[in-house]
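Protein chains: 2
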Amino acid sequence: MEPVERVVPHFQEQLEQLKARLLEMGGLAEEEVRLATKGLVDRDHALIARVLSGDDPLNALHMEIDHRCFTLLALHQPMAADLRAIVAAVKINTDLERVGDLAVNIAEAAVRYATHPPVKKLIDIPRMASIAQSMLRDALDAFVRSDMALAQRVLDEDDKLDDLKTQIFRELLTYMLQDPSTIEPALDLVLVSRHLERIGDHATNIAEDVIFIVSARDVRHHAADAGL
Amino acid sequence: MEPVERVVPHFQEQLEQLKARLLEMGGLAEEEVRLATKGLVDRDHALIARVLSGDDPLNALHMEIDHRCFTLLALHQPMAADLRAIVAAVKINTDLERVGDLAVNIAEAAVRYATHPPVKKLIDIPRMASIAQSMLRDALDAFVRSDMALAQRVLDEDDKLDDLKTQIFRELLTYMLQDPSTIEPALDLVLVSRHLERIGDHATNIAEDVIFIVSARDVRHHAADAGL
Chain G
0 MEPVERVVPH
10 FQEQLEQLKA
20 RLLEMGGLAE
30 EEVRLATKGL
40 VDRDHALIAR
50 VLSGDDPLNA
60 LHMEIDHRCF
70 TLLALHQPMA
80 ADLRAIVAAV
90 KINTDLERVG
100 DLAVNIAEAA
110 VRYATHPPVK
120 KLIDIPRMAS
130 IAQSMLRDAL
140 DAFVRSDMAL
150 AQRVLDEDDK
160 LDDLKTQIFR
170 ELLTYMLQDP
180 STIEPALDLV
190 LVSRHLERIG
200 DHATNIAEDV
210 IFIVSARDVR
220 HHAADAGL
Chain U
0 MEPVERVVPH
10 FQEQLEQLKA
20 RLLEMGGLAE
30 EEVRLATKGL
40 VDRDHALIAR
50 VLSGDDPLNA
60 LHMEIDHRCF
70 TLLALHQPMA
80 ADLRAIVAAV
90 KINTDLERVG
100 DLAVNIAEAA
110 VRYATHPPVK
120 KLIDIPRMAS
130 IAQSMLRDAL
140 DAFVRSDMAL
150 AQRVLDEDDK
160 LDDLKTQIFR
170 ELLTYMLQDP
180 STIEPALDLV
190 LVSRHLERIG
200 DHATNIAEDV
210 IFIVSARDVR
220 HHAADAGL
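Heads up: the sequence lines are chains G and U, in that order.
For the first sequence, numbering that gives the first Met the number 0 gives the first residue as 0, with consecutive numbering after it.
For the second sequence, numbering that gives the first Met the number 0 gives the first residue as 0, with consecutive numbering after it.
Keep in mind the hints are simulated off the structure, nothing from the lab.
Honestly, I wouldn't trust all of these hints.
Copies of one chain are not kept apart here, so a pair can be met inside one copy or by any two copies together.
Claimed, not checked - Pairs of lysine-lysine residues, derived as DSS-like cross-links and limited to a Cα-Cα distance of at most 30 Å, are as follows:
(1) K120 <-> K18
(2) K18 <-> K119
(3) K159 <-> K120
(4) K119 <-> K164
(5) K37 <-> K119
(6) K159 <-> K18
Computed from a prediction, not measured in an experiment: that's the story for all the values here.
Looking at chain G on its own, in the form it has when it is part of the complex (with noise of 0.2 Å):
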């Protein structure tokens, strides 16, 4: 296939409506992960019941944003840090649709879990919560403003949660051990855990994205700089 050269104009207006884009889905995924986590506390069914039903708006985000990628590779041909970022676009999109359906997967959880006695005053869950959606917003606002040092900082960040998981998980071990009748709620509790866990690896995986496309330095698996 023969590159076709043509002149498009507004492309950099375009690249950064489709940031625009991903900041609004950010901010999607980031409230359905608030709710269903606020709806698991307060055992709040319609709460629980709106994360269960309402990812529409941002499957809905994630094929149109996928097409504005297309359309700015395929009608632009960028190069370099466009190009990067474009592609990191890509990722990112499909990194805040899989976050979305974390958020539903906690929903999940958060109704079984009401149908039992709560097991404990729920304190590390939310606390994860809100680490993991502060991670979020800092590696989609690195992302808009290419911030290699705000990237840097939510890496940072997943240690904590990594405590906090082994922390929970601990704690709610001790629980079922005592009180088998805790054992089913309790590992609706470990999932959650889990599920924000990933989370903030997805958080992770847009910070190195991130931190790919301003230095061209892959920081994934410590690689040394790769060049490109």
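Chain U: place on chain G using the hints.
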């Protein structure tokens, strides 16, 4: 940025090489899943250790494939089906890397599981692993051969994994309720079944990408024809 017209030879040859590398990566990822599951079932510490220390080749391949995708996009500025194939390759590459991570997660659970007496003879977990592995293999074959029918079969297989996961959960819950000493190891089996389910999800993602490349039709979110 203005598009630069270049004559770059052998685009199709380089695309074939990219596909061959993705197949190789898929083979590696699948093998890690097989070894991790076998390590869990046979309580084989040497196998488990091999998975825990062995994701360097996968990570190196991940970065190489990403680099190949960028080079193809930057130098050849492909259009239409070729563009979709390369963007899909970027996504598939991410999926396969995550499969490798999940194999490591299974091996980590296997380490903990081996410190307890076995909860039960493991039958459904290796069955899940075998389904997830063949979904992965079929999804990649479908990508390389642009085989829509095979991609569709991968999507159909996903229900089997979901059913097995639910069945495993119910069975393990019964063990935990009857005998609290099984709680800790049974929890690891629950987590392993979730990891295997997610490996199936990655195969499903790949199959959806294949259908998108071949038909330019977005089967995600049950969308109608998306055009492009």
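Practice prompt. With 30 Å as the alpha-carbon cut-off, assign the pair K159 and K18 to within, between, both or neither.
Written response: within (28 Å within a copy, 38 Å between copies)
Worksheet item: Between the shortest in-copy and the shortest cross-copy C-alpha distance, which are at most 30 Å for K159 and K120: within, between, both, or neither?
Response: So K159 and K120 pass the 30 Å test inside one copy only (20 Å; across, 36 Å).
Worksheet entry | Homomeric proximity label, K18 with K119: Cα distance no greater than 30 Å | neither (41 Å within a copy, 51 Å between copies)
Worksheet item: Within a copy, between copies, both or neither: where do K120 and K18 come within 30 Å Cα-Cα?
Response: Cα proximity of K120 and K18: none, with 39 Å in one copy and 51 Å across.
Worksheet item: What label fits K37 with K119 when the C-alpha limit is 30 Å: within, between, both, or neither?
Response: within (15 Å within a copy, 37 Å between copies)
Discussion item. When Cα atoms must be at most 30 Å apart, do K119 and K164 count as within-copy, between-copy, both, or neither?
Written reply: both (16 Å within a copy, 27 Å between copies)
Of the hints listed earlier, those the structure fails to meet are numbers 1 and 2, in rising order.
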